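Asker: Protein chains in written order, with the numbering used here: chain Z, 647 to 969; chain G, 943 to 1289.
Since the hints were made in silico from the structure, they are not lab data. Please read these numbers as outputs of a predicted model, since none were measured by experiment. Glycine included, each C-beta is placed from N, C-alpha and C at the ideal position. Do not take every clue at face value.
[Unchecked claim] In silico EDC-like cross-links for lysine to aspartate or glutamate, where the CA-CA straight-line distance does not exceed 20 Å:
hint, chain 1, residue 1, chain 2, residue 2
1, G, Lys1014, Z, Asp962
2, G, Lys1277, G, Asp1246
3, G, Lys1123, Z, Asp717
[To be verified] Okay, the calculated bits of chain G under chain Z, using three or more residues with CB under 8 Å as the criterion:
hint, stretch
4, 1036-1044
5, 1100-1106
6, 1115-1128
7, 1133-1142
8, 1159-1173
[Stated by the list, open to error] Here are the in silico distance ranges between beta carbons for each label pair:
hint, chain 1, residue 1, chain 2, residue 2, range
9, Z, Leu684, G, Tyr979, 33 to 43 Å
10, G, Gln1167, Z, Ile807, 41 to 51 Å
11, G, Pro1233, Z, Gly929, 19 to 29 Å
12, G, Lys1270, Z, Leu729, 49 to 59 Å
13, Z, Arg709, G, Tyr979, 32 to 42 Å
Listed below are the residues making up each chain.
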Amino acid sequence: MNSAVIEADSRHAAGQRLRESIFRGATLVAALLVLTLLGGVALSLLKGAWPAFSHFKLQFLTREIWNPVTDQYGALAAVYGTLVTSLIAMLIAIPISFGIAIFLTELAPPWLKRPVGVAIELLAAVPSIIFGIWGLFVLAPMLQRHVQPWLIDVLGPLPLIGKLFQGPPFGIGVLTASVVLAIMVLPFISAVMRDVFETVPDVLKESGYGLGATTWEVIWKVVLPYTRSGVVGGIMLGLGRALGETMAVTFVIGNAHRISPSLLGPGTTISASIANEFTEAVGDLYTSSLIGLGALLFLITFTVIAAARLLLLRLDRRALSSV
Amino acid sequence: MSLVNPKRLLALLATVSVAASAQAATDISGAGATFPYPVYSKWADAYKKQTGVGLNYQSIGSGGGIKQIKAKTVTFGASDKPLEPAELKAAGLVQFPMIIGGVVPVTNVKGIKAGQLTLDGATVASIYLGEITEWNDARIKKLNPSAALPATAIAPVYRSDGSGTNFLFTDYLSKSSPKFKQSIGANASVQWPVGIGAKGNEGVANMTTQTDGAIGYVEYAYAKQNNMAFAKLINRGGKAVAPSAETFQAAAANADWAHSPGYYLILTDQPGAASWPITGASFILLYGTPPNPGDTAAALKFFDWAFRNGGQMASELDYVPLPESLIKQIRATWKSDIKGIPAMAAN
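Looking at chain Z on its own, in the form it has when it is part of the complex (with noise of 0.2 Å):
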């Protein structure tokens, strides 16, 4: 009898290592499946851009013109349109993104924690393309109408920043393009940075008030060093978000291949290119510089997530050694 329950021990004990093996194989086959499909992308990607990118070289990259009639392309214009409306739209964001996660966890009353915050969600929930026609029909006449004149008279005339504020108030353009972005992405950074705020165990928080610090220095000193990777993490999400947001910025930009020192003028975004141009591109120069502008697109992406990595890693290692 002793016997037989040691077999049905065994029995059951190599039932379970079996399912072990294939739970943890299928979990390996899901993580590998991201891994290809990732190089797959950058594959096809590089191979669909390789015409481009041997015909024009290096530059492809320094160029500002978009000729599709005289097939001449160059990828500078839509470059820097995405990385300014990105970083006008995080300059925007961040602050009042800070500010939306810090009043929730810290200062809110109870009953208006609940409203605020399902609105944010529920802004994150709305589809890019409802925010474009708003941007066109809604924002773009009020800034036309209210803001760039003012901008114009006041901003315009000054020396060095004066530059970026000049130019007809033609209502779309880079500055809308960016203020759109920025309502965008201020719903996930301040979701990610209220829930990383309430990660804080109340006990850091409040040895820091019974020292006798002030709500600032309690954020400042004790909130923000202990979430640091987590709004990183956030501010990254909204910055990738804001680099491959297409429909919303193809409506409201202007949708032009020239850089205009002006950020009121008319520019363009890789993403928005890409959309405007793709479904009548013909030719096989104009197809492939495209996907040249694409993987340029993936390029940055990459390049922007690694760089915070790498910033969270440094940060880490110099809060290690300054313990």
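Mind docking chain G on chain Z? Use the hints.
Answerer: Frame of chain Z; chain G shown alone:
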């Protein structure tokens, strides 16, 4: 206890799959231009009700349509820009026009209503080149001696997405202005030196109505349905004409189709006193020796039906049907250039 009888479920599945495969066998597949999509789908609806044969048309753009027919994944391709005869021949394709539409310049100038402004090709080209920058410029005044033109700055608005509308407009400006032809040229997307790009007809219309002093260009249906302030244009015959079904059809009728191999003819700037100068046809591409003659025959049947019965439906959507003489010529082309198709029923 099972709620569903498995045998019955199986039978149901079998009928569904049979129905699906039967549909796949009879549906006509096509891909291409977005401009004629509304009228093709309206025809397809009516045709399906009458004959049971559906049309699966993907409006992925002319470039995509050309690629798909060359890859033989669809029975017909559709393009707003005709292929050149040499390219047609190399690919073994037959091409013919199917429907006509027009592009209309629209403006937003204080005090100027629809049809009160007259422009010509050279002037519009100069505006889009950035050479004419104010509405009270002498060149515009000369065309409109009686209009009260303000000293407002002109804000040119263009279509940013690649489109047949862009192609027709830039082709017309290239024909009207050597300088435009040389520095910009005609294409579905071009590099504009000035102005602001808006996406789609709705984007251009919105930018134009929003911006004081703006000029833009949209498809005729769009200008008409939104009551936009269109400008008249002076055509090759020297007459100022307004955009309408009659002036579009005049351009198509006055064009010299008989001497254009492969119907390679762009309808902009055609002769005739009544011709609207920015008219264009949308084209269909088929194989001369079809890989699957049955499919091509079904497609031809549909096109033949549309030529016969589709005029009214097209007009309702503000497209213009082809003139009768041209349809006759196209039917002759089908007979002579497409091999392996049983003869069409005589009309």
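Asker: Could you run down the list of hints and mark each one as holding or not?
Answerer: Each hint, compared with the structure:
1. G/Lys1014 - Z/Asp962: 57 Å, violated
2. G/Lys1277 - G/Asp1246: 12 Å, holds
3. G/Lys1123 - Z/Asp717: 15 Å, holds
4. 1036-1044: With 0 residues closer than 8 Å to chain Z, the stretch 1036-1044 of chain G misses the three-residue bar; violated.
5. 1100-1106: This one holds; 5 residues, not fewer than the three required, reach chain Z with a Cβ under 8 Å.
6. 1115-1128: holds (count 3)
7. 1133-1142: Coverage by chain Z holds for the stretch 1133-1142 of chain G (7 residues, Cβ < 8 Å).
8. 1159-1173: violated (count 0)
9. Z/Leu684 - G/Tyr979: 33 to 43 Å: Holds, at about 35 Å.
10. G/Gln1167 - Z/Ile807: 41 to 51 Å: 44 Å, holds
11. G/Pro1233 - Z/Gly929: 19 to 29 Å: 25 Å, holds
12. G/Lys1270 - Z/Leu729: 49 to 59 Å: At 58 Å between Cβs, range holds.
13. Z/Arg709 - G/Tyr979: 32 to 42 Å: 35 Å, holds
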